[in-house]
Structures are given as structure tokens and as C-alpha cells.
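One letter stands for each residue in the lines below.
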Amino acid sequence: MIQHIDVHAMLQQSVPGLYADLVTRPTGRAVRERIEREIRAEGAGIALMDFSRVGCLDYSCADEIVAKLLRQEITVLLFRGLHDGHREAIEPVLARHGLAAVLERPDRTLDVLGPQETGEALLAALIEQRIAERTAGGAVALVPA
Amino acid sequence: MTRLVDVPAQFDDRSFDQFAGALAQALTDGGRVLFDAHAAEWASPYGLVGLLAAGEVAGRGGREKPLLTVPTNAETLSYWGRAGWFREAAALFEIHGRYPRGAPRPESEVLLPVTAVRAAGDVHEVVSRIQERASAMLADLGLDPRATMGFAMALSEACQNIVEHAGTGGWVAVQRYHWRRRLARRVMVIAVADAGVGFRQSLEPTEARRYGDRWSDAMALEAAWIQGVSRFRDPGRGQGLKGIRTYVGRWDGKVSIRSGTARITGVPSWDDDVVLKDGLPPFPGSQVLIIIPEQGGPTA
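Chains A and B, in that order, give the protein sequences. Per our numbering, residue 1 is the first one in the first sequence, and the count goes up by one each step. Per our numbering, residue 146 is the first one in the second sequence, and the count goes up by one each step.
There may be inaccurate statements among the hints.
Said to hold, decoys possible - Restraint-style ranges between C-beta atoms, simulated for each label pair:
#1 B:E220 to A:Q116: 41 to 49 Å
#2 B:R274 to A:E91: 23 to 31 Å
#3 A:G17 to B:R159: 33 to 41 Å
#4 B:V420 to A:A9: 52 to 60 Å
#5 A:Q116 to B:P245: 52 to 60 Å
#6 A:L18 to B:D162: 37 to 45 Å
#7 A:T118 to B:D379: 55 to 63 Å
#8 A:T118 to B:V412: 34 to 42 Å
#9 B:R246 to A:G17: 37 to 45 Å
#10 A:T118 to B:V420: 33 to 41 Å
As the list claims (entries may be wrong) - Coverage of chain A stretches by chain B, computed from C-beta distances (three or more under 8 Å per stretch; other residues unrestricted):
#11 56-65
#12 79-85
By construction, these hints were calculated from the structure, which means they are not laboratory data. Small disclaimer: the values here were computed from a predicted structure and weren't measured. All C-beta atoms, glycine included, are put in the ideal place defined by N, C-alpha and C.
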């Protein structure tokens, strides 16, 4: 089962003020803790985090949310709605911890962030669980819900 | 007795060391400090936030609130007002001379007026406020529009250094200006200063033993800058500085951090600064300077 997480909504619920930016450790911690509660309630091992409405993401927040979720709570982390600025914060964090995650591109095909070998294993696991499938063009995409 | 500290006529990161030396001497001598800015002609964002940090230092330890004489140059006075400096200074100095009061006026070259940073919420405010105009300003300097997000990240991480490590508040200012004397190009500048504990004291509990007698401000800066060490044991900590360096380096920019008696610098191709400078006049806390130059412009 995939758990869908609207990161912007989590941010709005976690900190006072109507911010669209995921910056600072305390904010990252508050958002992560809210996401953790959601994940524990649902019991899903796979999370699809939608960053579409998130503005800036800094390194501290990326580390606090992405790295800690992957290390503690989540088997597979899928990203949706990432722009280049988000990737600039997330990729060094994944590299530092040797972690991998999966990115859904705008054309809905999946790509790997982080170590290629680990990422490919994640894609294979998603296919095996019938959460993702090979497209006619040989790419991997999520199975439509 | 009042101890005089001259504010340099051209007050930026280069003249800051001379200023810090004069302040250190005045504090050693004892008495109330008078910051004399009457001859100030120009101050960079670094000078402006650094002067606030100096005001905080000079009023500590039971000393009387320091005095400050305002610049006599009307243009300088007006600029400090527009940059929001007096709004913050009023709480730190007994100001002598007439100066502009009220909120800073929006100005094309001031992306972020001098702004206090005390808590994570202040960092949110700062990042929210700069993004729209930063995008236009950075594009105007020839940077890819995607550079805006990296700029906001660098600003966020620099401000967070205060919240996470300083043990006190600090200030940030962001401006664009034409750096005729040094580079003959326009630059975008982020300056962040606090008068808190600084890198050495922050890292001392976890790092000092490894360095033994060599432990110093310079060693602390080097440990944070090169090895990404942090006082927190969390393995993800200490990466903010690396992120700033990576971003600034991509645009051939300059980043330097002064703390205590040392300064470490990511030196760009257009600058002749040294990477690590030790033995500077002491100044508490950390002072961060980030300069992003216009891309493809003429060099000096």
C-alpha cells in the first residue's frame, strides 16, 4: 500500500504561519513527526510525498525529513512534484547517508535518486509488489490506482 | 570614561578587522564605548550587521549602553535608514544625531533590509520575503532562474547558524550593488552576523580534545568548513555550510566566515583573499559573507 502525503499540507498543519517553504531544523522535525504519525496510523511501508506546493527546501529540512524517514520509518520513499531546487537539497542528503529514493517525473515514469544500485533494487521491489510496472518504452511507472 | 571606536569611512569585511581591533582595545580599557560613525561614507551589508553585533558586545557585562554618533553625510544617513539599520540599532545604542525613523523604505537594491534573526520563525519570514524579488535580481545578474532556490537555501542555512549555534540573536541583510572598486561588476550580497558563542565554543565539547593544544578559532572553522563537523552527534548535521559552499562555488562567488580570531574563505577566481586567516583581532560570534557576482561581466 502507498501512503500519499501532501507535504505542503503537512507543513501548514505543523507550524504556525502560512509558509510554503520547508526551511529550518525545527520545522523539518515538526513536519516529519506529523508524517510519522500518519504513516504509523496507516501502517504503509511506502510513502508518496508530493512536493508540488512546496517552495524552498533547504538542506537541514531535507535531512530532517527525508533522511530520517528513510532511516526510521519508511521502506520506499517516492517523490512527486520535485523541482530542481528540491533536488539540490535532497540529493546531497541521500548521498551523505547512502540512501536511495524514487522520483516520479512529470511524465509519470520513475527515476532513481541516490545510489543507482540501491535505487534499481527499489524499482524492482515496486514492480514485484505490482505497485509499478514496465511501460511499453521500457521505463517504469506507477500502476494507476 | 568613554572609549572611542571609529567606524571606518568605508565599512566592509576588509575594514572590519581594524574596527574589531579598536573595539577589543576599548573593551579592555573599560568604560563606556562610543562608536563614532560621523565620518562613515559607505557601509556594506557586512558592515551594517557587524556594527549591530558590535553594539551588542559593547553593552554586555553590566556596561552602559554604547553611544553612537550618526554619519554626517546625508546620503549615507539616508541609506542606513532605507536599509533598516536604525530600526535595529535603536535598541542597542544611545544614538546621537538626527536619523531617519520608521520602517525601511522599499528600494530596488535592498532585497532584505537589516533584519533580526532570533528563532526559526524569523528564518521562515526571511526566506518567504526574498524569493520573488531575488528571482528577478539574480536573473538580472545573469544567473539561471533556477539559482533562486539555491540562493534561498544558502540564506536559510546562514541564518540558521544563528538560531542553532549562536546562543543569542543576530542580523541578516541582503543587497545588490555595483561593486566598482573591487570587481567592476554588480554583486548580490548576503551578510549575517551575531555576537554569540562562535564556532570554537560551539564545537569545543565534541572536538577540542582531538586537537589538543592546537584547538583554536581557526581549527574550529576548519573542522566545520572542511570536515562538516557539528556539535550535534546526528550524522546529518553540519551539511549546511557545505551546501552554501557548493552553491556559491557554482557561480564563482565568495563565502567567508569570521569567528573569534580567524576567518575561512572560499576564494573565487576574481579574489586574492587567503583561505584561512588566523590571528585577527577578536570578535565574538560568527560573521558570514556571501557574494554572488554578475555572471559574464567585465572583470576589474
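Q) Regarding A:L18 and B:D162, is the given constraint of 37 to 45 Å on their beta-carbon distance met? A) For B:D162 against A:L18, whose Cβ atoms are near 42 Å apart, the range 37 to 45 Å holds.
Q. Is 37 to 45 Å right for how far apart the beta carbons of B:R246 and A:G17 are?
A. Given a distance of about 28 Å, which is not inside 37 to 45 Å, the answer is violated.
Q) Is the distance from the Cβ of A:T118 to the Cβ of B:V420 consistent with 33 to 41 Å? A) 35 Å, holds
Q: May I ask you to test the hint 41 to 49 Å on the CB atoms belonging to B:E220 and A:Q116?
A: 58 Å, violated
Q. A:T118 and B:V412, beta-carbon distance inside 34 to 42 Å?
A. At roughly 36 Å between Cβ atoms, B:V412 and A:T118 fall inside 34 to 42 Å, so the hint holds.
Q.
Can you confirm whether chain B covers the segment 79-85 of chain A, using C-beta to C-beta distances below 8 Å and requiring at least three such residues?
A. holds (count 3)
Q: Apply the coverage criterion to the segment 56-65 of chain A and chain B: a residue qualifies when its Cβ sits closer than 8 Å to a Cβ of the chain, and three qualifying residues are needed.
A: holds (count 7)
Q) Can the suggested window of 52 to 60 Å be confirmed for the beta-carbon pair B:V420 and A:A9? A) 45 Å, violated
Q: For B:R274 and A:E91, compare the CB-CB distance with the range 23 to 31 Å and indicate the outcome.
A: 27 Å, holds
Q: Could you say whether the range 33 to 41 Å given as a hint is met by the Cβ separation of A:G17 and B:R159?
A: 38 Å, holds
Q) How does the Cβ-Cβ distance of A:T118 and B:D379 compare with 55 to 63 Å: does it lie in that range? A) Given about 22 Å between the Cβ atoms, the range is violated.
Q: Starting from the range 52 to 60 Å, see whether the pair A:Q116 and B:P245 falls in it by beta-carbon distance.
A: Check passed, 58 Å falls within 52 to 60 Å.
In the structure shown, a violation is registered for the earlier hints numbered 1, 4, 7, 9, in ascending order.
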